[in-house]
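Undergrad: Work from the hints to combine the two standalone chains into their complex.
Given next are the chains, with one letter for each unit.
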Amino acid sequence: MLKQDTKLIFAGLRIVTRNKGYIFWFWLLNLTLAEFGTAAFRSRLHAALDSSLLADRLLHGFDHGVYLEMVARPEWGPPRGSAVPAMYFSFLFFLVTLFCMPGVLDAYTSEGKPSREDFFRCCGRNVWRFARVLVFYGIVAGLIGGALLSGHVALVHVSKKSTYELLPFYTHLATLGVIFLVLTVIRIWFDLAQVDVVVRDQRAVRKSVAAAFRYTQQNLIALLATYVVICLLGVAVLAGGLWVWRSFVPPSNVLGAFLVTQVIVILWLGMRFWQRACAAAFYMRETPVEPPIPATAEPSPSSEFRSPLAPPVDGAAPPQG
Amino acid sequence: MTLRQTLATLLVASLVPGLALAQLAPAGTGEGAVPAPFIPETTLAINSPTPLAQRVVAYNIDAKYNAVKHTLDGTELLTYHNVTGQTLDRFPFHLYLNAFQPKATWVREAKAMGSRDTSYEEWEEKDWGSDEIKSFEVVGIGDLTSKLEFIQPDDGNKDDKTVVQVVLPKAVAPGDYVQFKIRFHDEFPETQARSGWNRDFVLGGQWFPKVGVWWHGAWNCHQYHATTEFFADFGVYDVSLTLPQYEVAGASGVLMKEVKNSDGTQTFTYHGDDIHDFAWTAGPRYRVAEDTYQGTMGTVQLRLMMQPAHWRQEQRHAKILKESLEHFERWYGPYPYKTLTLVDPEPGSAAFGMEYPTFITGGTFWWMPSSIYEPELVVEHEFGHQYWYGMVATNEFEDAWMDEGINSYTEVKVMDSIFGRDTSIRNLFGATYGEREDQRLFYIGVADLDPMARNAWQYANSHSYGGVTYGKTASFLLTLEKIVGEETLRNALHTYFMRYRFTHPTKEDFLKTIEEVSGKDLRWYFNQAVYGTQVFDYEVMQISSDPVNWYEKDVKEKRGETVYESRVLLHRKGDFIFPVDIEIRFDNGERLREQWDGRDRWVKFGYQKKAKIVSAEIDPDHGIYLDRDNFNNSRTLAPNKAPARKLANYWSFVVQFFSQFLAWWLV
Numbered sequence: 001m002l003k004q005d006t007k008l009i010f011a012g013l014r015i016v017t018r019n020k021g022y023i024f025w026f027w028l029l030n031l032t033l034a035e036f037g038t039a040a041f042r043s044r045l046h047a048a049l050d051s052s053l054l055a056d057r058l059l060h061g062f063d064h065g066v067y068l069e070m071v072a073r074p075e076w077g078p079p080r081g082s083a084v085p086a087m088y089f090s091f092l093f094f095l096v097t098l099f100c101m102p103g104v105l106d107a108y109t110s111e112g113k114p115s116r117e118d119f120f121r122c123c124g125r126n127v128w129r130f131a132r133v134l135v136f137y138g139i140v141a142g143l144i145g146g147a148l149l150s151g152h153v154a155l156v157h158v159s160k161k162s163t164y165e166l167l168p169f170y171t172h173l174a175t176l177g178v179i180f181l182v183l184t185v186i187r188i189w190f191d192l193a194q195v196d197v198v199v200r201d202q203r204a205v206r207k208s209v210a211a212a213f214r215y216t217q218q219n220l221i222a223l224l225a226t227y228v229v230i231c232l233l234g235v236a237v238l239a240g241g242l243w244v245w246r247s248f249v250p251p252s253n254v255l256g257a258f259l260v261t262q263v264i265v266i267l268w269l270g271m272r273f274w275q276r277a278c279a280a281a282f283y284m285r286e287t288p289v290e291p292p293i294p295a296t297a298e299p300s301p302s303s304e305f306r307s308p309l310a311p312p313v314d315g316a317a318p319p320q321g
Numbered sequence: 001m002t003l004r005q006t007l008a009t010l011l012v013a014s015l016v017p018g019l020a021l022a023q024l025a026p027a028g029t030g031e032g033a034v035p036a037p038f039i040p041e042t043t044l045a046i047n048s049p050t051p052l053a054q055r056v057v058a059y060n061i062d063a064k065y066n067a068v069k070h071t072l073d074g075t076e077l078l079t080y081h082n083v084t085g086q087t088l089d090r091f092p093f094h095l096y097l098n099a100f101q102p103k104a105t106w107v108r109e110a111k112a113m114g115s116r117d118t119s120y121e122e123w124e125e126k127d128w129g130s131d132e133i134k135s136f137e138v139v140g141i142g143d144l145t146s147k148l149e150f151i152q153p154d155d156g157n158k159d160d161k162t163v164v165q166v167v168l169p170k171a172v173a174p175g176d177y178v179q180f181k182i183r184f185h186d187e188f189p190e191t192q193a194r195s196g197w198n199r200d201f202v203l204g205g206q207w208f209p210k211v212g213v214w215w216h217g218a219w220n221c222h223q224y225h226a227t228t229e230f231f232a233d234f235g236v237y238d239v240s241l242t243l244p245q246y247e248v249a250g251a252s253g254v255l256m257k258e259v260k261n262s263d264g265t266q267t268f269t270y271h272g273d274d275i276h277d278f279a280w281t282a283g284p285r286y287r288v289a290e291d292t293y294q295g296t297m298g299t300v301q302l303r304l305m306m307q308p309a310h311w312r313q314e315q316r317h318a319k320i321l322k323e324s325l326e327h328f329e330r331w332y333g334p335y336p337y338k339t340l341t342l343v344d345p346e347p348g349s350a351a352f353g354m355e356y357p358t359f360i361t362g363g364t365f366w367w368m369p370s371s372i373y374e375p376e377l378v379v380e381h382e383f384g385h386q387y388w389y390g391m392v393a394t395n396e397f398e399d400a401w402m403d404e405g406i407n408s409y410t411e412v413k414v415m416d417s418i419f420g421r422d423t424s425i426r427n428l429f430g431a432t433y434g435e436r437e438d439q440r441l442f443y444i445g446v447a448d449l450d451p452m453a454r455n456a457w458q459y460a461n462s463h464s465y466g467g468v469t470y471g472k473t474a475s476f477l478l479t480l481e482k483i484v485g486e487e488t489l490r491n492a493l494h495t496y497f498m499r500y501r502f503t504h505p506t507k508e509d510f511l512k513t514i515e516e517v518s519g520k521d522l523r524w525y526f527n528q529a530v531y532g533t534q535v536f537d538y539e540v541m542q543i544s545s546d547p548v549n550w551y552e553k554d555v556k557e558k559r560g561e562t563v564y565e566s567r568v569l570l571h572r573k574g575d576f577i578f579p580v581d582i583e584i585r586f587d588n589g590e591r592l593r594e595q596w597d598g599r600d601r602w603v604k605f606g607y608q609k610k611a612k613i614v615s616a617e618i619d620p621d622h623g624i625y626l627d628r629d630n631f632n633n634s635r636t637l638a639p640n641k642a643p644a645r646k647l648a649n650y651w652s653f654v655v656q657f658f659s660q661f662l663a664w665w666l667v
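Each protein sequence line maps, in turn, to chains A and Z.
If you read the first sequence in our numbering, its first letter stands for residue 1, the second for the next number, and so on.
If you read the second sequence in our numbering, its first letter stands for residue 1, the second for the next number, and so on.
One chain only, chain Z, in its complex shape (with noise of 0.2 angstroms):
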């Protein structure tokens, strides 16, 4: 950056928070006529001189955190331009932190199915959140708090408070702006679904009111469930975050201003461009580390808040963060945004692996080896998040497989990349786990019970819910790339970014790229790993090879002399069709390749060689990753009793040590 530049940057900064406070001014109080709303043009934050999105929203926020009672007290200036060619009288808000309480649904549906974080065995004070309106006014309409009113579009439960909505005595024109002047107060709660304190430690995720999404012709507002995530319009972001001075904080977007008060707080100044949330971190004993990454839209500085104990890491999360963002430039398209921040949270809080606009949560512990690649896993995981959800914002409440699942596929494809295909996890002792193997048998063990397709509060269970949108999507793409070829699917998913960043892409969208970039029909694909619940399982049924003159007495059989009648039977076990390859080999070395549509229940292939079957094997170049059962899907003549035999042995040495420990101590 030039010195120019570097002044005409300051003035701009020291001229947008102004802007927000004069925004924030009550309207008519002020001397002159009320300038119209609007929504800012600025390019602060990102490395682009124009936006990048169709911005919707503005938010302008002041907020002031205790951080002895873990309360947060803001004024929300929420400008709205009203771009749905709709007249618009009903606004739905998102109250994100109400999910925390007792007889919300998101404890409820916590409680029942399992939650990452808690599993609610007793209601605890800590666990309450709460995000109360204390006023609500419209500007040049006036206040409007008593006309609030919270509704429950998904399943009625009349105690969950996570969607509010108010009804305008005058509406909204298409192309007019609206102002919403909010005063609200938050409670956090400790650490969950990774929002709230821990510790001294706070993560301030969800935290405002955000309005709904008018997509396809109606709000979309659902309301906060214990699967689902979130969904909001693209915009600009000015928040003023009021803090102990001894905390040291990050947040989304361009650091603006940082002020020192005179009653030992400090005040954080942020912009953000073209993203469609906010969050922030504070904590006195993160240590910082600045870095930079020259990207193809220009450079991106890097900012590392990692714990005490594990700055000896700080090497490796930025080394994972930088390649992930090669990678994903190089595959999929550029990251137009100046800043991104990665935060080591509090350890043992529900902050860890988390994603919002230019900032993620990684998570790791003080012992990681450097052969084990978790940490590297959630930070690229996270980052990942930046292009399949930050920039191409799908609707984390109807198509968590998209985010989620899309992101899973480049997760393996970026690891795979870095790591090595069967040890991009683990390496550690001569024991090896992949990536790609990880998300399959994340899927393997609920692989009937929902499809992809599915709202995200609507899985049979959480695993069904993780499985499915994680796993399936991640094993379905990575399959996919058998059909229509790796380099293929790598541009249908670089056309996809392009074309749908800072949009609200649908399912449909993403599939038609994939069929339009590749020249195929896919429908009999998708409709069955996508909008069905086909299990995939193939299995090589049986083997034999028998000579032909089996009959005669006294048969001798004699290596490449000796003619055997051999059979393979395949077997589709699971309702999925997929043609499918199979490799027979023969003991002279012969290998046959044969193909199979799958439509049968079975097949059979025979051959009568000079020469006995050694094996078959379904799927030989290994790249179908939705079967359930890998271990069918090949069957040998002879058994190889060593692989049994090895493990058999370890188990029989820790059975062993197991006895002795116990007689030593005993006897």
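Isolated chain A, as found in the complex (with noise of 0.2 angstroms):
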């Protein structure tokens, strides 16, 4: 089993590392988002830091009481004028994620690297599916997670109750590590529903997300670890980050700042793509290839969708002249 999740897990960092564009052109996106979505907040910065010494105590160093005073001016309004910009270009974030997604795993799946028009193209093909995919997961990761989220919040409030003082604090513990475990399961489940429907152009999301169970469920322990064990590496990737942070950038040093989160949040994205290409790479270990199609046989649903001067199924030249 342990030789069967290293070998998964460094197959998926092989997808990852052979598509690793992806993973900059996500992190651009991000930056760009976040840039557009901190604008009002820089501005408000600029129009009282800039002119002022007292800007100094936040540059060398970070003071707190200045900062609370600068945010506490009427002057620098509300704080959902920094918060709401923020939330909606995360929420855009997330909505070109969902729209770009199936174009990364059709790479993920694929032996050579598609064109950028077959990756729009499977975008495309599949936005809407994937959106049903979404509502499924809601469902799922709603109802499950909500039942967990409310034993949680109960189980707290009677743990307040008792006279040891740390039970509070292992009960957040254990029903958070249990919530997360949970969680993941989930995703993995509704990861490789993902990969079902770009593999299989499957109209019908239903049944991928039907066969992701059967897989997740028959493979549990295996793709958990593997999930697990990446997670664990993200969360040493921002510790780690934030001590060489904290170390090595003085705190004047805007650029050095900047540098450092940027390669945190490219790692941190990284270990997500990893996950996928780990539930890309097990999809295609496990599944049964199908045979192909006969030449007879009716066109495949998903050749209507195909370009004439895409290559057939069977892999064929395509005609030429």
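If you are wondering where the hints come from, they were derived from the structure by calculation, not from laboratory data.
Some hints here could point you the wrong way.
Think about it this way: if two alpha-carbon atoms lie no more than 35 angstroms apart in a straight line, the pair counts; the simulated DSBU-like pairs of lysine-lysine are [unchecked claim]:
| id | chain 1 | residue 1 | chain 2 | residue 2 |
| --- | --- | --- | --- | --- |
| 1 | A | 160 | Z | 260 |
| 2 | Z | 64 | A | 161 |
| 3 | A | 160 | Z | 103 |
| 4 | Z | 558 | A | 160 |
| 5 | A | 161 | Z | 260 |
| 6 | A | 160 | Z | 126 |
| 7 | Z | 558 | Z | 610 |
| 8 | Z | 322 | A | 160 |
| 9 | Z | 64 | A | 7 |
| 10 | A | 161 | Z | 610 |
| 11 | A | 161 | Z | 319 |
| 12 | A | 161 | Z | 558 |
| 13 | A | 160 | Z | 553 |
| 14 | A | 161 | Z | 257 |
| 15 | Z | 558 | Z | 520 |
| 16 | Z | 257 | Z | 111 |
| 17 | A | 160 | Z | 64 |
| 18 | A | 161 | Z | 134 |
| 19 | A | 160 | Z | 158 |
| 20 | Z | 610 | A | 160 |
Note that the structure is predicted; figures quoted are calculated from it, not measured.
TA: Right, dumping it as structure tokens:
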């Protein structure tokens, strides 16, 4: 089992390394949207800090008192003035990710690198299917997550009555750990469903969801271990990045801080893509290869979306001239 | 302590409870003549051969706590010495625990203004508290229970039962004593206002009927309000507390006796000298550390009652307690008591951060990092109250700033001295936070609402009460250092403490002491800061530097050669008038200092130099803490975008992270 897990992790790593360009584009997109999302905050900062000597106490260190005074000034305005635009752009990033993910999965499950045209064609073909998968996911994760969260709140509430002061903390830790694991399983399930939708060009997403449920159920430990290990690596990356930032970047080095934070962001993004790549690798390894469709057979559902210039399903060379 | 001293102490210790019990015996029931009432001159609990205060009261209390019902039954023999110089026939008493009733003034105000402990969104049974007088007898006169009458001197709320008064059929002549024998029953609420129970913990604060203070020719006995604390006369306390045997107990004063009873209870007998209140705590899980501090008047026994999960912070608590003692003794005056008990209250209870004579509560969490000094801050603050409240016993109802505010100022001084000026609250991962800035921030949001000199219950709201009494007073005194000097102000506080300890000084006593020690007439400052609501806000409105030959065509500026006409415009935005210094920096390294008395609304300074202005700054030494907006106190000619970029990068990182988190879990 361990060997299989390790194989899966490295198979995923190979896929994600081969397609690292996607991480770069998603990072760039995230950065761009974050810049838009923080524009209001930035303009407030410049108005408050650019001409005041007090700003030095935020540049050379971080004086919490000065920061609190800044945001408490009437000129600063309400906190939602900074938070709401950021949330809108975060939501936009989520939508773009939803739209582009089929293309990424297509690349992860292909031997070669799809062209840009194929990438976006795949995205367009699957966008509503992914939206439907998201609805399924929302229902499942909402119901199970909601129930678990209610249990978490109830248990913590009860634990607070204990005379053992650390009990609420351990209860938090244990219940949140369980919630994390359960939500990760659900995430695996729907990651596989998305791969299934892309690979099979599946219109009836419920079939993909059902199939993915079976795969997840049959290989739960291996998949969960893979996802959790990558997640822990992500936490280590975050902790290490923050440590480097704190230890080696002087407080006034704005460029250094920017570079370190962006490396953290890229690596974190990479962790999620790695998980998806593992799901893709698992799917390609575990699912039975369908027999090639006979030439006389009815066109496959996907063929009606394919360009005449695209290679046929059986891999034969496109007609010349 | 020598063996002889120990034996002598034990002898007296065994006598005092006996004395208390003798005094509790009903008049006329014993054999022979009833001894004339008096207030003992004991010094068992202080490092002084003679009493330090004029003792007006002596409380002998015998109380039994029911840990299951959270109730207490007690008998109290209160001996009152009429030192008012007037004949007294009316006596008011505080019944503080009656505040925790739905129609009481305290709850009404707390619901309207907000409270530290509970929002009172809905009334719950556990919020109930009461202090009921079962019988009230005046020795030599008889039972006057039926003559008791609740009064509401502050707001006329007939449902408030926090003050009760009795009119005696026979007045007490000046110099005479009167004894009240009171049987009472307490119901403690789940901790509110630092009194009550939580799980199996209890803190007994303001738990017995307390007589008011005759002050400036009248009784001073206010109702208990959501934003008020307490006021009482000095005296002697002998308290016997009976608790279940599994409880670990602590209290004000010195523990004189501890007896295990056959019914599964234990009785602790405490004695306090020259104190004006008595509090106690009990809980089964306390871990106790004993320590000593060698004070200037003698040894102080330190007793730290810690929660088990906080035991590894015991040394932190002991250290700050000793350092606070050392600073206060060095700067302000001696600590004369023989004991000091620090209670780390039940986690989640509203009992943290409270002061009673020789008994304070701290506040910490099991996870508290060593570079966040909140536990130290709470302990230091509550210890400071041993001076500003405990010994200099100001009227907390009417002059809350004189205990909380002066204490906040000395807290800044002590914390700065120990942990550094800009890092005295936090110094974690490069993020710093200083205590003086914290006090200022507390105040600037409510700068124009209330004067410091206002009755505590008459503030606009609880934010204003907190911001003005704590934050503004500390900022007012920190700014005063700029006028009279840090050392002079320290001397003034020392003089004030030594002169007024064990008395009830007024605000003018304090302000006049500062004027006397500094040799300065400071009324112009006090009238605005203490008695007024003037807002302090100065700004550098505009700065500019233009070549004098700007009108010539193709002017080329050369550093060190081009002559500039420079202007600085300062503006007093608020109505607080205060002389300020201004520093103007030029690009050739020159720094000019100017002064402005602030009387006009604005002032202009102009220069012609072969240098451009770099910046202008009001209060360049950063000694003014009353200014509501420090950002507009300086202005640079060329913008420096680096600070804004740094913070924007932080925020951008957070937004990117949040975006990824969202996409991670949803897609």
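Undergrad: Next, verify each hint and record whether it holds.
TA: Cross-check of the supplied hints:
The hinted pair formed by residue 160 (chain A) and residue 260 (chain Z) meets the criterion: a straight-line CA distance of about 33 angstroms does not exceed 35 angstroms. Of the supplied pair hints, the one linking residue 64 (chain Z) and residue 161 (chain A) holds, its CA atoms being roughly 26 angstroms apart against a limit of 35 angstroms. Using a Cα cut-off of 35 angstroms, the hinted pair residue 160 (chain A) and residue 103 (chain Z) holds, with the two alpha carbons roughly 30 angstroms apart. Of the pairs offered as hints, the one joining residue 558 (chain Z) and residue 160 (chain A) is violated, with about 71 angstroms between alpha carbons and a cut-off of 35 angstroms exceeded.
For the given pair, residue 161 (chain A) sits about 30 angstroms from residue 260 (chain Z) by alpha-carbon distance, which is consistent with the 35 angstroms threshold. About 16 angstroms separates the Cα atoms of residue 160 (chain A) and residue 126 (chain Z), which keeps this hinted pair within 35 angstroms; it holds. Taken as a hint, the residue 558 (chain Z) and residue 610 (chain Z) pair is honoured in the structure, with Cα atoms around 9 angstroms apart against an allowance of 35 angstroms. For the given pair, residue 322 (chain Z) sits about 33 angstroms from residue 160 (chain A) by alpha-carbon distance, which is consistent with the 35 angstroms threshold.
Restraint check for residue 64 (chain Z) and residue 7 (chain A): the C-alpha separation of about 71 angstroms exceeds 35 angstroms, so the hint is violated. Pair hint residue 161 (chain A) plus residue 610 (chain Z) does not hold up; C-alpha atoms about 73 angstroms apart against a cutoff of 35 angstroms. For the given pair, residue 161 (chain A) sits about 31 angstroms from residue 319 (chain Z) by alpha-carbon distance, which is consistent with the 35 angstroms threshold. Between the alpha carbons of residue 161 (chain A) and residue 558 (chain Z) the distance comes to roughly 74 angstroms, so the proposed pair goes past 35 angstroms and is violated.
Restraint check for residue 160 (chain A) and residue 553 (chain Z): the C-alpha separation of about 78 angstroms exceeds 35 angstroms, so the hint is violated. With a CA separation close to 34 angstroms, the supplied pair residue 161 (chain A) and residue 257 (chain Z) stays within the 35 angstroms bound. Restraint check for residue 558 (chain Z) and residue 520 (chain Z): the C-alpha separation of about 50 angstroms exceeds 35 angstroms, so the hint is violated. Taken as a hint, the residue 257 (chain Z) and residue 111 (chain Z) pair is broken in the structure, with Cα atoms around 42 angstroms apart against an allowance of 35 angstroms.
About 29 angstroms separates the Cα atoms of residue 160 (chain A) and residue 64 (chain Z), which keeps this hinted pair within 35 angstroms; it holds. A C-alpha spacing of about 34 angstroms is found between residue 161 (chain A) and residue 134 (chain Z), which places the hinted pair at or below 35 angstroms, so the restraint holds. Taking the CA atoms of residue 160 (chain A) and residue 158 (chain Z), the gap is about 38 angstroms. The hint is violated against a cut of 35 angstroms. This hinted pair does not check out: residue 610 (chain Z) and residue 160 (chain A) have alpha carbons roughly 70 angstroms apart, beyond 35 angstroms.
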